[in-house]
Amino acid sequence: MSPQAGVTIQTQFETAAQQREADQLGMWLFLATEALLFGGIFAGYLGYRVLHPETFAAAAAHMKVGLGTLNTAVLLTSSLTVALAHHLVQQGRRRATLVLLGATIALGCAFLAIKALEYTLEFREGLMPLPGLEFRYDGPPPGQMFFNLYYTMTGLHALHLTVAVVMMAVIFVLVWRWRTPDRQARQVEMAGLYWHFVDIVWLFVYPALYLV
Amino acid sequence: MTSPGTTTPLRHDRQLWLLSAIFLLLQALLLITWGAHYVPLGAFTPVVNFGIAIIKTLLVAIFFMQLRAESGLVRAAAGLGGLWLLILFTLLLADYLTR
Amino acid sequence: MSTTASPPLGRRLDTRAAAAGRNYLNESTSLRSWLLTTDHKRIAWLYLASITFFFFIGSLAALLIRLELITPAGDLVDSDTYNKLFSLHGIIMVWFFLVPSIPTTLGNFLLPLMIGARDVAFPRLNLLSWYIYTLGGLFTLTATLAGGVDTGWTFYTPYSSMFSNTAVVMAATGVFVVGFSSILTGLNFMVTVHKLRAPGLTWFRLPIMVWTLYATSLIMVLATPVLSISLLLIVLERVFGIGIFDPALGGDPLLFQHLFWFYSHPAVYIMILPGMGVVSEIIPCFARRPLFGYRAVALASLGIALFGFLVWGHHMFVSGQSLYAGAVFSLFSFLVAVPSAIKVFNWTATLYQGRIHLTGPMLYALSFVGLFTLGGLTGLFLATLALDVHLHDTYFVTAHFHYIMVGGMVTAYFGGLQFWWPKMTGRMYSEIWAVIAAITLFIGFNLTFFPQYLLGIAGMPRRYHSYPEAFQLLHVASSAGAVLLAVGYLLPAIYLPASLRWGRRVDNPWGALGLEWTAADTPPIKHNFHQTPVVTGPPYGYRNDAEPA
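So the sequences go chain by chain: A, B and C.
Start counting the first sequence at 1001; every next residue gets the next number (our numbering).
Start counting the second sequence at 2; every next residue gets the next number (our numbering).
Start counting the third sequence at 9; every next residue gets the next number (our numbering).
Hints in this document: simulated from the structure, not taken from any laboratory.
Certain hints may be false.
With beta-carbon atoms standing in for the labels, derived distance ranges [unchecked claim]:
hint: 1; chain 1: A; residue 1: ALA1169; chain 2: B; residue 2: THR91; range: 55 to 65 Å
hint: 2; chain 1: B; residue 1: LEU74; chain 2: A; residue 2: VAL1163; range: 25 to 35 Å
hint: 3; chain 1: B; residue 1: PRO41; chain 2: A; residue 2: ARG1136; range: 26 to 36 Å
hint: 4; chain 1: B; residue 1: PRO41; chain 2: C; residue 2: LEU339; range: 50 to 60 Å
hint: 5; chain 1: C; residue 1: SER36; chain 2: A; residue 2: GLY1155; range: 39 to 49 Å
hint: 6; chain 1: B; residue 1: ASP14; chain 2: A; residue 2: VAL1173; range: 23 to 33 Å
Chain B residues, not near chain C, derived (Cβ > 12 Å throughout) [claimed, not checked]:
hint: 7; residue: GLN28
hint: 8; residue: ILE53
hint: 9; residue: THR58
hint: 10; residue: ALA78
According to the in silico footprint, chain C covers these stretches of chain A (three or more CB under 8 Å from chain C) [stated by the list, open to error]:
hint: 11; region: 1045-1053
hint: 12; region: 1072-1079
hint: 13; region: 1123-1131
hint: 14; region: 1175-1185
The C-beta atom is built at its ideal place from N, Cα and C for all residues, glycine as well.
Work out the full structure: start from the sequences and follow the hints.
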């Protein structure tokens, strides 16, 4: 990467390239920690599925596979818009970047809305094992464990996606202002990496919970 | 690698085509995995499902997250999380599969 | 990646500071300049202050435990209070002292200096880590004030998730929060070592301290998130009733132990590797010989970090995990002994034909080698599947991990602090008192914990506040040792601060080598070096005939 007027090199670095590589490495290491955070709960899922294969399959039959698949498609599309935004912001194309970032935020919100719809349907069917709510699932107890895992995994994922949407909204404003285009390119890239990561987590949540 | 000022319009177009092609591939994989749900594959269901999930992950990481343009160091950092998840899952299953 | 000509090295040459005799300590003095600093050396001091505070709280709990155990009857505190005391002791000592101890204080101070960098890769993140640490500490202290927590530091389910009616959520939140401080420090250090080494400083020219901090950081980054999620699941179960570990729902309480030890066993290496680093710096300096087997010691650090992830099931030999898994974990546990032994042999070989100077820091380092060896060897007893059935949850285990963590890490921490104290402050403390403190610590420590091995073999279980009279003699010896140990810890807390006022000004009192001694002022200036150092050779170029100044 060539030295850019817009990028301030911090005291501890010698060159812009060194600084960029450090940022990149830091971000990927952070994503590795996030992967292990989700990995803990996936490990639990794995162990329990090995212990109770049939009851898990029976409980998973209550999942809304269509909505889950739609949501996967939505997130994959948002990953494309993020990747395109990253590509175009490097070309200095502010308007196109704004459109793509806007689309990304909209797709993220769409995902959360569909997820909320799913939760509502499950609430109506009495499939929410929360204290004070009637739990009407009639299978054996490990079935409830499946639902506990379902709400924990999708909830944690939705929380991460919400953070990603807020982050994208901030980046949208920064690109809108366009004070230091080179810095904005880095910001889109960093937020984009996080966005893709949240997408990847869903790529595993989807087969784990919907396609048992 | 793509950086401002160095990308020619030709390469620019190629990048757009590449990203779009990867996107279509991802959606196709999604359709396959969705379809496989309705085919009785027995014990192979999780193999197919998670196999496709891993392929999709690699596509997103390599092309959307631009790992293909990164240094070996960054790629190693990206692989680190996966490797450690493998350790966690393997040794955990060493217990659950032999109880 | 395309490259461009880099600007000349040392382009931020700060000659003004040198001319004015300024350094990182006196360049600004307001409280604000300390609380908002991004200078890694000042952040080290922020950590030093806070972990000293937590060390005192943890030690106080330990002293109360030892006081209670002087008599067989549970007369000083009741069993509930006793449970809360050892839980508090464990939680504070593990997460608020041992895990951050050397990395955040000496590590923060030394890492950039040792690799010839102006700061860590992400200085603001470094400051944030300290604030997160402090926030986590506040949560945990609140839990203590709210009546304490009685689960032990291990938070085992289903007791912690379903039955304990103490402040589990608050305490778990505190540990959850402090975990992020650990993750960010590890991430910062890893990027720093990869990207900010001075010209010529190849991996095999790095001091062992840097290797061990790197290995520690690797564990912090990869293990801590799993602890975070397992604590989060406990909180979810307690607050929202979403029982992931609830046996009635087909949940498995052992799953928590798996996840917990996936973090906490590697965390044991977080709590020893930096100590190994410190000792690897001190011993060559005072033996006046290059470190023997440098490459083996360096690679053994990474080996320990990696193997540390494969052994967690040895904490669960009697808990109901499958026997096959137990056998696998037992085998891997023996393998960890290999890199650990490589280190001990190499430190010992470094001493051979050395010109040994028994200074305070050297006595601490030698204590470390002895105590770590004893702790490590007893670890092999516990890794033996069949023998562990007898020793599990007895004082033998307590003695074993205290030999590693207290005899090892805390001793190394005190040794390191006194080895680099002149560098950090520019002042020399009373050397005779340092020798007295080191010897007191060694005797006090062994008197405290060796009897616990004997108690464990005799069958005394851990975490009991009363015991049969036959055990009293050994318990009294252990409690007496604890008092001596406390004296050993208190002495430096007196003579080190005193040196700030009365100590003579020094530059490099040990004649030590390493970039932090040879290329930086004492104390260093704000961005460490007047000119970025260029490294041309291996570390530890000590010679037998060189005298310490």
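Looking back at the numbered hints, which does the structure fail to meet, lowest number first?
-> 1, 4, 10, 12 and 14
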